[in-house]
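Chemist: Below are the chains, spelled out letter by letter.
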Amino acid sequence: EVQLVESGGGLVQPGGSLKLSCAASGFTFSGSYIHWVRQKSGRGLEWVGRIMDKGHSYATVYAASVNGRFAMSRDDSKNTAYLQMNSLKAEDTAVYYCTRDNGRWALGHWGQGTLVTVPS
Amino acid sequence: QSALTQPPSASGSPGLSVTISCTGTNSDVGAYNYVSWYQQHPGKAPKLMIYEVTKRPSGVPDRFSASKSGNTASLTVSGLQAEDEANYYCSSYVGSDTWVFGAGTKLTVL
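From first to last, the protein sequence lines are chains G and Z.
Per this note's numbering, the very first residue in the first sequence carries number 1; after that it's consecutive.
Per this note's numbering, the very first residue in the second sequence carries number 121; after that it's consecutive.
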């Protein structure tokens with residue numbers, strides 16, 4: 001069974017940093033692309049970014065709203081993806097999901113999410 | 121990149137059908153056959169229901185179907201059931217390895 005488990009969320013002051021983790025199991029993590037998606041309270045989904053696999057040099061791409069502040073990485077030996085969030089703002093407050101690209105331009109599996117709160 | 125446009129709400133009676141629209145531009149929905157739909161129940165993670173405009177992942181009931189015409193994609197839920205009540209989000213690839221979501225539609229089963 002495919003599982004994605006996020007952790008590392010919490011309360012952080014504006015301007016601070018936080019690193020989220022996404023532990024994967026049940027599939028070949030090393031060959032998968034991982035996306036991060038966030039959801040602000042009571043609102044819609046927002047695509048945050050994607051990291052490719054080793055074969056594509058772990059290439060990353062980010063939404064404009066987080067570009068330059070957030071950085072994705074992964075450790076295939078630990079089946080874990082990471083989202084380093086710096087210079088956090090109140091508007092970054094959201095539940096953050098890690099998701100697995102299904103190889104068909106869609107997000108096939110999702111974690112349960114982890115809440116990040118940045119007070120205003 | 122602006123969010124795709126979805127109606128905030130939709131509703132239908134059990135056993136009947138409802139269609140949710142998702143309107144983008146010729147730079148996203150209209151440019152690629154990479155529209156997907158996600159179902160999200162309150163407090164739960166989203167679930168992929170449709171990918172590549174019309175395809176259903178294994179396990180998704182065939183009551184869920186989808187299509188696209190020009191810059192607008194549509195999700196149809198037939199034979200509505202109580203468990204279909206949820207929020208539905210569309211998403212599209214928009215080029216340059218980026219994606220965009222719709223604002224979501226709350227489906228109510230009357």
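There could be a bad hint or two in this list.
Here's a subset of chain Z near chain G, in silico, CB distances under 10 Å, partners left out [unchecked claim]:
hint, residue
1, Y152
2, N153
3, Y154
4, V155
5, P166
6, I170
7, S185
8, F221
What the simulated footprint calls covered on chain Z by chain G, stretch by stretch (three residues with Cβ under 8 Å from a Cβ of chain G suffice, anywhere in the stretch; the number is not a length) [to be verified]:
hint, region
9, 172-181
10, 202-213
Rather than coming from a laboratory, the hints here were simulated on the basis of the structure.
Computed from a predicted structure; not experimentally measured.
Every residue, glycine too, gets a C-beta built ideally from N, C-alpha and C.
Chemist: Next step is simple, just say for each hint if it's right about the structure.
Modeler: Checked hints:
no., hint, verdict
1, Y152, "holds, 8 Å"
2, N153, "holds, 9 Å"
3, Y154, "holds, 4 Å"
4, V155, "holds, 9 Å"
5, P166, "holds, 6 Å"
6, I170, "holds, 8 Å"
7, S185, "violated, 16 Å"
8, F221, "holds, 4 Å"
9, 172-181, "holds (count 3)"
10, 202-213, "holds (count 3)"
Checked against the numbered hints given earlier, the structure breaks only hint 7 and satisfies all the rest.
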